[in-house]
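What follows is the residue order along each chain.
Protein chains: 2
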Amino acid sequence: MTAVLAPTALDRCRTSVLPAMADAVARLDPATRAAAEYHLGWTEADGSPRSGGAGKGVRPTLALLSAEAAGADSRVGVPGAVAVELVHNFSLLHDDVMDRDSERRHRTTVWALWGESAAILTGDALLALAAEVLLEAPSSHAAAATRELMTATRELVRGQVEDLSFETRTTVALEECLRMADGKTGALLAASSCIGAILAGAPEPVVAALRDSGRHLGAAFQLVDDLLGIWGSPAVTGKPVLSDLRARKKSLPVTYVLCRGGAEGEELAAWCAADRPAQGDSEDVLRDMAALIERAGGRHWASAEAEEQLRLADAALDRVCLPDGARAELADLARYLTRRES
Amino acid sequence: MTAVLAPTALDRCRTSVLPAMADAVARLDPATRAAAEYHLGWTEADGSPRSGGAGKGVRPTLALLSAEAAGADSRVGVPGAVAVELVHNFSLLHDDVMDRDSERRHRTTVWALWGESAAILTGDALLALAAEVLLEAPSSHAAAATRELMTATRELVRGQVEDLSFETRTTVALEECLRMADGKTGALLAASSCIGAILAGAPEPVVAALRDSGRHLGAAFQLVDDLLGIWGSPAVTGKPVLSDLRARKKSLPVTYVLCRGGAEGEELAAWCAADRPAQGDSEDVLRDMAALIERAGGRHWASAEAEEQLRLADAALDRVCLPDGARAELADLARYLTRRES
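Note that the protein sequences, when read in sequence, are chains A and B. In terms of the working numbering, the first sequence is residues 1 to 342. In terms of the working numbering, the second sequence is residues 1 to 342.
So here's chain A without its partners, still in its complex pose:
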């Protein structure tokens, strides 16, 4: 299956959602607006305009496609698309503060430029704005859509709480790690995948099928992201080579090997528990660990599990009858998002 429709869907989405995003962000007070526009990639740090923009717009595209999947015009999904993108960026702003990441997509992060308070407050404003914009949608289902999104936001927070707690724990069960990823990535993709349909007044089985599909897509997406964090090339990921291992992150392939035990699991556990050298781990050591994880089946397991989650995402859509065009675009987008070259 090739992903020919996905780039078109993403482009189409950018064109129709960007003006609504710009209108929403324009409501913010000047200082918060400036930080938000910079974070979104619309401006440089000095406020001058910048072309390019941030991210692929996966979540807003899912929101528009979900309106079409419910038989409505994609415009019905626009307030949902804006809201999910605002929530996504709220979480990125706060995560960067907590993770002390000074770069995101090769650009200095908001907290690194203007201080923690600016990043915390800009995130706060984007979350409130998301609910506001969505509640103004010309749909009698705006309240239900907002509730869906706010519940997903709490799940997202729960995922981040768990992720941070893993850093200080020596053992994490694979089940816990999957549940964390389900919160951090799955919840918002699930909400994005059904929010347009909710706004369109779709029947509950259609909403549930889209939501479930998005949740499985989130799991697949996270598995692929974790694979790229170890074996991805910097050109594709925009991060240093072997970045997740460098940070000794308990990602899914790592957790799989740790939980599986055996000689490789024990060697990996010992390395994770050991003090990090002052100058960081050498690239040779990191390559050895990547090879160890691969030998122990971590890479194969994560790839197979990503495929399985993609299959489940597709199967969820088969539970209901969707318009052919939207159905094909959703399936294609899922493939596209999880087929990033390593």
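Misleading hints may appear alongside valid ones.
As the list claims (entries may be wrong) - Pair ranges (Cβ atoms, derived):
id, chain 1, residue 1, chain 2, residue 2, range
1, A, Ala273, B, Val285, 50 to 56 Å
2, B, Thr108, A, Asp284, 23 to 29 Å
3, A, Asp101, B, Glu308, 56 to 62 Å
4, B, Pro234, A, Pro240, 49 to 55 Å
Just so you know, these hints were derived from the structure itself, not from any lab. Using N, Cα and C, we set each Cβ at its ideal position, and we do this for glycine too.
Please arrange chain B on chain A, whose structure you already have, making use of the hints.
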């Protein structure tokens, strides 16, 4: 006028809102729930129960009274009461991180106990939870109430953004300072004062009168708070004597004197701009500055302005016809809140 009804109203509110608050907070993931319950004063840091609880519950009480002002049972206002209290606490959690305050109401703050990330994430979860709870209210006006609250939240963020920006500026106009206070204090009191009426489906003029009244009450409340920050006794404020001057905070009485200029204004400006001694300003110096502000009319102006704002709060209520009981309780609560002994 004596404030005989207010303590009863606050007590009555605590009794009817606390169980709903507890139900809402119980939805959070275990770690976030523990931090929220500690912050709310329900538990000690080790999780053991604690009697007392946090704060007077001004905002939830206003929310319940506003339902009664619309002729409804106060129970109609409960989801609004829970939501405004959650938003208030979201903002306290984040403010403590930004202001690096390690104590609030004589207790160690959440970030000081469990780190910044815990405080940021707990705040985030409370904001999302507030919208969620309110959208579940059994009222066809739940969406309108949530929109009101989210707009107020953005105003609150705007106020905090401005407040932080004042710290690094040498001059702040009185107008700017009043606008900042309107965001930081007025917006949420305004929303609290009308949210129960919105849930009850009150006509727009009633909602507007209650909202305006709350906004003026917020201004009065902030002026009194600023007066107490300079001339209040620690027993009443729970803060060190002369605390706002100690922090060289550009509070309203200070800004009034700075903007008024003259010999006193210049002396105060010079002190504000001077480097702080390593061990902090001596109490003698702080007392001299408090006397200077008083001589220059800052204390008198703030007291008179607080009275004027209270009068406007009351006049707003006179624009519409409200049930006698609720009308009296609202007026009484306003007096009570701004009559804290200095």
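Each hint, compared with the structure:
no.: 1; hint: A:Ala273 / B:Val285: 50 to 56 Å; result: holds, 54 Å
no.: 2; hint: B:Thr108 / A:Asp284: 23 to 29 Å; result: violated, 45 Å
no.: 3; hint: A:Asp101 / B:Glu308: 56 to 62 Å; result: violated, 49 Å
no.: 4; hint: B:Pro234 / A:Pro240: 49 to 55 Å; result: holds, 52 Å
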